[in-house]
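Residue numbers (our numbering), protein chains in the order written: chain B, 126 to 378; chain H, 126 to 378; chain R, 3 to 232; chain A, 909 to 1142; chain Y, 3 to 262.
Everything labelled a hint here was simulated from the structure, so no lab data went into it. Do not rely on the hints blindly, as some may be mistaken.
[To be verified] With a straight-line cut-off of 30 Å between C-alpha atoms, the simulated BS3-like cross-links for lysine-lysine are:
(1) A/K1034 with A/K957
(2) Y/K259 with Y/K23
(3) B/K341 with A/K1122
(4) H/K151 with H/K361
(5) B/K220 with A/K957
(6) R/K48 with A/K1130
(7) R/K81 with H/K177
(8) A/K954 with B/K257
(9) B/K257 with A/K957
[Unchecked claim] Far from chain A, some chain Y residues (derived; all Cβ distances over 10 Å):
(10) N72
(11) K82
(12) A119
(13) K132
(14) D138
(15) S169
(16) E193
(17) E228
(18) K248
Just so we're clear, the structure is a prediction, and the values are computed from it rather than from any experiment. Note that CB positions come from ideal geometry on N, CA and C, so glycine has one too.
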Amino acid sequence: MLALKNIHKSFNDHEILKGIDLKINKGDVVTIIGPSGTGKTTLLRCVNYLEKPDEGEIAFSDFQLNYQSVKRKDILRLRRRTAMVFQQYNLFKNKTAIENVMEAQIVVQKKSKKAAYEKSLEELNRVGLADKLDAYPSQLSGGQQQRVSIARALAMEPEIILFDEPTSALDPELVGEVLNVIDQIARSGVTILLVTHEMSFAQNISTKIVFMDQGKIVEEGPPSQIFNHSREKRTKEFLSHFNSNYTKITTAK
Amino acid sequence: MLALKNIHKSFNDHEILKGIDLKINKGDVVTIIGPSGTGKTTLLRCVNYLEKPDEGEIAFSDFQLNYQSVKRKDILRLRRRTAMVFQQYNLFKNKTAIENVMEAQIVVQKKSKKAAYEKSLEELNRVGLADKLDAYPSQLSGGQQQRVSIARALAMEPEIILFDEPTSALDPELVGEVLNVIDQIARSGVTILLVTHEMSFAQNISTKIVFMDQGKIVEEGPPSQIFNHSREKRTKEFLSHFNSNYTKITTAK
Amino acid sequence: MFESNIFFQDFSGILTVVPYTLGLALLILILGILIGGILTLIDQYKIPFLFQVAAVCLSFLRGTPLLVQLYLAYYGMPKLILFFAGLLNFKFDPNQFDPVITVIVSYSICFSAFQSEIIRGAFMSVSYGQIEAAHSLGFSSVQTLRRIVIPQAIIEALPNFLNSYLTIIKSLSLAFMVSVVDILAKAKLESALNFRYLESFAAAAAVYWLLCAMLTVVFRRYEQNIRKKA
Amino acid sequence: MKMDFGYMIKILPGFISVLPLTLVVILCSGLFGFLLSVLVTGIRIKRVKIFSPLMELYISFTRSTPILLQMLLVYYGLPVVLSLIGININNWSGTLFAIATLVLHNGAFLSEILRPAYLAVDEGQKEAADSLGFTSFQKLTRIVFPQVLPVALPGLGNALIYLIQDTSILFIIGVVDIMGTANNLISNDFGSRQIDVFLTVALIYWAISYMADKFIKYFERKTARYHLENGLTR
Amino acid sequence: TNNSSGASQPSSASSKSSSAKTVQVAVPTAEKPLSYSENGKLTGYEVEILRKVDAKLKDYSFNIQSVSSNAQQIGLDTGKYDLIAEGFFKNPVRAQKYLIPNENDGASLIKIYTNDANKSIASLSDLSGKRLTPVDANGGIFNILTAYNTQNPSKKIDIPTSDTGLSTADRLKEVASGKYDALILPSNLGEAQIIKQLNLKIHTSAPVKVIPTYFLLSKKDEQLKEAVDSALKQLKSDGTLSELSKKYYGEDVFQYKITN
Ligand SMILES: Nc1ncnc2c1ncn2[C@@H]1O[C@H](COP(=O)(O)OP(=O)(O)OP(=O)(O)O)[C@@H](O)[C@H]1O
Ligand SMILES: Nc1ncnc2c1ncn2[C@@H]1O[C@H](COP(=O)(O)OP(=O)(O)OP(=O)(O)O)[C@@H](O)[C@H]1O
Ligand SMILES: [Mg+2]
Ligand SMILES: [Mg+2]
């Protein structure tokens, strides 16, 4: 459904992405893992065109976009088919929870207010926030904000949702509630591309794990292969770091 | 060494602390656990007088302070014998790492610049930051900032250090470095009062665990008792939440 | 129509009062900041009674034209001093009272209202955690203010203080009413002798512009210097 | 300083009668000045070629010269400049010239308030709008501007107070406003009751400024719910 | 507030020829008795003379507007106005820059106002060493005193300056209170009235100077100047000007001999 071809990106003459190829099928849940500074965030941002790659192509089944000859219209079209959930939530501070979810439906999809309202209600219900419709972001806890931002993405009915470390800014007790929501979305058949440090979560939820290091994809495959029978030395080494003396335990409902 | 007697505190007619009694001996590492909103932070802040309790007493071996008849001088005296490490670090933004550690020694303890410098160097060494003396907080990672803030507290040679969720604002990968430093301090015989969600860490490090719920201490005792042979139903219930399907794993060096 | 040699003659004439104008404005700025700072503290800590009085004063000072305030001060101040001098039993001759003092006092008080707003905004930019950290280490309130809050707030306030400085420099042109000669007054005096108004006003504009450009560069450099550290 | 309250009350109606004129000038120049400043700020932030440095020049000039000079420049200079390109504005009334001056003045002045406020809006907010497929214009009007407002409001409030006092430049070109009425009164009895007149003027300006402050505070309260604060006390 | 826009109605339009040229005329806004508004109507010595002159000129039609005195002369320089009137003195620079009619439209009687302690002051040279109230930098007194100083270097007068802003009444009060020794001003600013009204102890000297005052015209219009001259001449000889002087100044300024 979505294919990235040979994506390159440099910052100040320093190459961060060194040719990434990745195929995602409809309904896939693809998780990217890898050490800090490897370019995971940068890759995700390129898919949404928040970062302009220097080279490469992105292809949907019916629509192609080459980064070298891109037009404003193409960018908008791309963004309307993808949705991003940010690590820092980035909810619109001047809008209530439901207004946050409605806004893009009205402005971008030109839906009527009523239709947008109903859709938003549905999505907020899905993430368990039907009782916080009129709260401003500053009145919501981190976990609640992250769930609103997921609802905002879902409401756009994108073909794929991009998550960048959706729980790393959360208090440990709030991590569970967000992971549960993502889990549930994944089960409902939405296509997901996800960056996370929650290894056991990745293991449980993903159909495919992608291990990145130094701007390249080192290895990809189903969770069982990557976590238990990794073929690459670098991957094994990375995963061994995740056996520490302090095991952190999170709540979940 | 430190005894809290019957501490009460309300916000807007809503009683948050409902009479807390707690004894801490020299060299103890006491960890407070409990659900969110229970008043753990409030209790810690009362010990440092950042929050003024409505009732109660705090007693050192040679010095008593009753919250109803407190004087400005007493507060300063109390604060000079305790030190707080904040969740959000709260390093002075306009000072370098070493200046952050020196500042209170010069201003509050009236030490000479030289003496303060040497002491600060020693403490920064202890937390493994001897190479970052002249960095401003904005140039340090979260874990490094938290370690500077620990050095700042240590340099005051307080009788007790208060930690409020010292790792919950950190990226998962940085948690380990801070936990290691606290572990090491605890082993060196400093008295510690700590609030944390890192259960396995609490279990490893503490001499005593205090479980709080709804503004009261429900149960206290050595880690083995609380975690494995808890006498109270509420404690067991709370700890059972920490067995989820998603186990979060953190790095440590 | 426009004689450039007269322009340059006026220009150099005006330059002679620039140091005086700058110095006077600086004095007013500093006094204004001190008074404004005190007003802000009274407001922030909600000191009873003083707090209400300060609010009324601030509203009046902000809300009425400087010209009117200057006029009221010109007549009121000597009388006020005379009254207190009488109480304290020392001699004061209101006829010897220098109008520059009137200008300094009335301008400082008037502009303190605007400085107070700036300082309030700057304090707002310092996060409360910084203050708690200082308190937890045993800093007294004054030590916290002096060593932690003010050094951080000043960075935010600096561009606004420059704005105020420029405003004061410009407003000093009103002080010519009570014989204090600033840049614009000097321009008027130049043209009074040669009747060349266009040239002298153009020269004044050039001087103002030059000053502003130079001050902006100096302030921006200083601001970058201290901002680097935060 | 003896005050003659009877006289102050007697001259009040004269001031009230010019109040509508002053208010219209405040309203027009405030509104159009604000719109101009939005345009200027946009040019500077987008770094539009040629225009952006021109705007910097315009702002530095406006910031550095007294408004009296700007008034004279507009009143005498603008007709000369415009006549060069064939536009005749000599039949404009003085009020229009005063409004033009105040608009130009505020366009620069407010831009210095709006620009930092714009920069204070979190980059993430703009990215979120981008990622949802907003066009640049939608992003600006629906997301960025509502967030710039609370940050800029205290500065805008100060500017409004300055504007109210600056309307007295009307009198320089012979339009009788509040200050003009005052001057007429003073001149007509050769200044023997200047103090009473000025006290009345002070009260009237105070009243207008007080209302302006209330107006700004209303917006501050409206935006306060999503505006987190720091500060000395809590 | 019809004077607010500055435009007053072209006077007695009926007597104008159809091709009458509009002359832009500027007078000060609030300078009683020269030019001021009363009940919303512009009036004053200069204004009334201008109206009389306007009535006499068939080929011109005056558009009289009021602006602040600073603005007046800049406006004449830039061509916004054709004629300005504010009791201007003649001097070489003005003579070179503007057209000045041959006929004066009035005269300024410079008098010295003193308090009891200084009532002996009767001439400019007596002012040397005295504390003079600040002189308006835009007015002719400043020039008279500077000229005096260059001619009498041995008996220089200390000349403080200020902007307009403090009224004549305020200045007279300051002299009466002893803050200053003397005030020197043209006598046509209402001094006599103020002194009487406020009951001030002030001594008024005889005129130390009698200076003719003129309209100033822009250089380009020689014809207008001649027309104005002939009109002024007629108005003088038929006594109109003396009458206006009595009405606005309380005395006929044309009775004094011009000093220079
Ligand atoms: N705008 C930018 N300008 C310059 N360098 C950048 C920029 N954005 C990212 N980088 C650099 O690119 C590299 C990859 O960054 P990226 O955020 O994609 O890593 P990541 O894999 O997401 O790491 P983490 O797990 O820490 O989030 C880093 O070295 C970073 O410093
Ligand atoms: N300044 C305040 N004003 C009003 N209510 C407050 C204030 N500070 C804390 N509270 C309330 O007191 C209760 C206890 O707060 P506290 O921060 O002590 O909880 P906690 O046990 O530390 O929780 P967490 O684990 O989430 O940090 C909460 O319900 C909180 O809303
Ligand atoms: Mg990242
Ligand atoms: Mg807490």
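Status of the hints after comparison with the structure:
1. Distance restraint check for A/K1034 and A/K957: the Cα-Cα separation of roughly 23 Å lies within the 30 Å cut-off, and the hinted pair is therefore satisfied.
2. Distance check on the hinted pair: Y/K259 and Y/K23 sit about 36 Å apart at the alpha-carbon level, beyond 30 Å; violated.
3. The straight-line distance between the Cα atoms of B/K341 and A/K1122 is roughly 59 Å, outside the 30 Å bound, and the hint therefore fails.
4. For a cut-off of 30 Å, the pair hint linking H/K151 to H/K361 stands: about 29 Å separates their Cα positions.
5. About 35 Å separates the Cα atoms of B/K220 and A/K957, which puts this hinted pair outside 30 Å; it is violated.
6. Pair hint R/K48 plus A/K1130 holds up; C-alpha atoms about 23 Å apart against a cutoff of 30 Å.
7. Simply put, R/K81 and H/K177 have alpha-carbon atoms about 49 Å apart, too far for the 30 Å limit, and the pair is violated.
8. Between the alpha carbons of A/K954 and B/K257 the distance comes to roughly 38 Å, so the proposed pair goes past 30 Å and is violated.
9. Only pairs whose Cα atoms come within 30 Å are accepted, and B/K257 paired with A/K957 is rejected, the gap being roughly 46 Å.
10. With a least beta-carbon separation of about 7 Å from chain A, Y/N72 fails to lie farther than 10 Å from that chain, contradicting its non-interface assignment.
11. With 10 Å as the threshold on Cβ separation, the claim that Y/K82 sits away from chain A is violated: the shortest Cβ distance comes to roughly 6 Å.
12. Listed as outside the interface, Y/A119 is consistent with that label: its C-beta sits roughly 23 Å from the nearest C-beta of chain A, beyond the 10 Å cut-off.
13. Under the 10 Å C-beta cut-off, the non-interface status given to Y/K132 relative to chain A holds; the minimum distance is some 23 Å.
14. At roughly 13 Å, the least C-beta separation between Y/D138 and chain A is larger than 10 Å, which holds for a residue marked as non-interface.
15. The claim that Y/S169 is not at the interface with chain A is violated, since a C-beta of that chain comes within 10 Å of its own (minimum 2 Å).
16. Consistency note on Y/E193: stated as away from chain A, yet its beta-carbon is not over 10 Å from all of that chain's, at 8 Å minimum.
17. For Y/E228, the non-interface assignment is confirmed: its Cβ lies about 25 Å from the closest Cβ of chain A, beyond the 10 Å cut-off.
18. Annotated as non-interface, Y/K248 keeps its C-beta farther than 10 Å from every C-beta of chain A; the closest such distance is 18 Å.
Comparing the model with each earlier hint shows violations of hints 2, 3, 5, 7, 8, 9, 10, 11, 15, 16; every other hint is respected.
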